[in-house]
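Q: I would like the entire structure built from these sequences, with the hints used as guidance.
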Amino acid sequence: MESTGVVVAFYVLSGLTILSALSVFLMRNMVHSLVFLVSVFLGMAGLFVTLSADFIAVAQILIYAGAISVLLVFAVMLTPLASRDNANSLYVGPGVILGGAIAAIVVFTAIDVEWNQLTGVALEERGFVSTIEMIGEQLLGRYVLAFEVASVLLLFALLGAIVLVTNRDEDDETADGDADEAATTGVAEDTV
Amino acid sequence: MTVDLSHYLAVSGIVFGIGVMVALSKRNVIAVLMGVELMLNASNLAFLAFSRFSGAFQEGTEPLAGHTFVVFVLTVAAAEAAVALAMAVLIYRKRETVDLDRISVLRW
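Residue numbers (this note's numbering), protein chains in the order written: chain S, 1 to 192; chain X, 1 to 108.
FYI, nobody ran anything at the bench for these hints, they're computed from the structure.
Just to be clear, a hint being listed does not mean it is correct.
Selected chain S positions facing chain X (Cβ under 7 Å, derived; list incomplete) [what the hints assert, rightly or not]:
| id | residue |
| --- | --- |
| 1 | S3 |
| 2 | V8 |
| 3 | F10 |
| 4 | M27 |
| 5 | V31 |
| 6 | V35 |
| 7 | F36 |
| 8 | V38 |
| 9 | A53 |
| 10 | I56 |
| 11 | G66 |
| 12 | A75 |
| 13 | A87 |
| 14 | L98 |
| 15 | A103 |
| 16 | V106 |
Here are the in silico distance ranges between beta carbons for each label pair [as the list claims (entries may be wrong)]:
| id | chain 1 | residue 1 | chain 2 | residue 2 | range |
| --- | --- | --- | --- | --- | --- |
| 17 | S | E137 | X | D101 | 16 to 26 Å |
| 18 | X | S104 | S | V31 | 21 to 31 Å |
| 19 | X | L100 | S | N167 | 22 to 32 Å |
| 20 | X | V76 | S | L98 | 18 to 28 Å |
| 21 | X | D101 | S | G136 | 41 to 51 Å |
| 22 | X | R102 | S | G5 | 49 to 59 Å |
| 23 | S | L154 | X | L100 | 21 to 31 Å |
| 24 | S | F156 | X | S104 | 24 to 34 Å |
Note that the Cβ used here is the ideal one computed from N, Cα and C, for glycine as well.
A: In structure tokens:
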């Protein structure tokens with residue numbers, strides 16, 4: 001981390017990320033705060049690049065800035081204009097105090113603790129070769145069970161989402177039809 | 001002037017705190033979800049920073065366990081977003097509102 005380019009990139013990207021995150025909190029319009037949320041995701045991806053996490057950075061852009069933000073846009077657009085403001089609830093005071101306290105504690109701890117970390121030459125020597133290859137080996141080696149469980153989790157989450165939002169009008173109609181059938185058969189039995 | 005682990009952890013903590021603020025103090029269901037996404041992203045940054053800088057692991061033993069964990073966090077975040085947004089749309093369809101202050105009963 002000696003090169004000045006990395007240092008400048010870190011400060012620019014972290015400033016962008018934190019200011020965008022604050023804007024997500026402060027914007028009055030849901031769509032605006034959504035745009036700033038995408039900006040947070042992109043700034044985070046840049047920070048991942050400065051940490052030599054190339055694969056994770058690309059995955060972050062694909063999954064967060066691509067897929068999840070599009071999902072959020074759809075959710076915002078499917079709700080009406082009246083509920084599109086980003087108003088605070090009654091708990092804004094405790095929320096801000098708690099969030100600020102958590103941030104302050106973490107920042108104080110991060111700066112105060114003497115971390116057992118690699119710096120300078122040791123960090124350069126430990127340089128990463130290819131993160132994709134190592135991640136793949138770990139996913140299909142040591143963490144293969146968690147990998148399979150994650151795939152099942154994704155499958156059921158997507159199935160659950162589809163089942164939840166499926167319109168049940170047809171079900172209601174068939175239920176009514178069944179009731180009508182029962183009524184007619186009852187009448188038929190009576191006549192018999 | 002160098003950048004080390006504490007700087008990344010500080011950024012991660014600040015973004016996590018803002019995520020807590022958003023999640024706790026917004027009325028809109030979707031805004032709360034955005035706060036949760038912010039928190040997950042901050043935790044990813046902390047994982048990757050530890051994975052990059054930590055001297056606790058000798059070379060070659062557990063090289064990129066932090067990266068692998070972040071892959072799982074991304075998976076769970078995608079699943080959570082899909083289910084939660086489906087529930088938000090469903091609540092809107094049933095109650096005609098996504099205001100959390102007005103969705104405070106468990107049955108109606």
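Q: Enumerate the violated hints, using their earlier numbering and listing them in ascending order.
A: Those not satisfied are hints 1, 2, 4, 5, 6, 7, 8, 11, 17.
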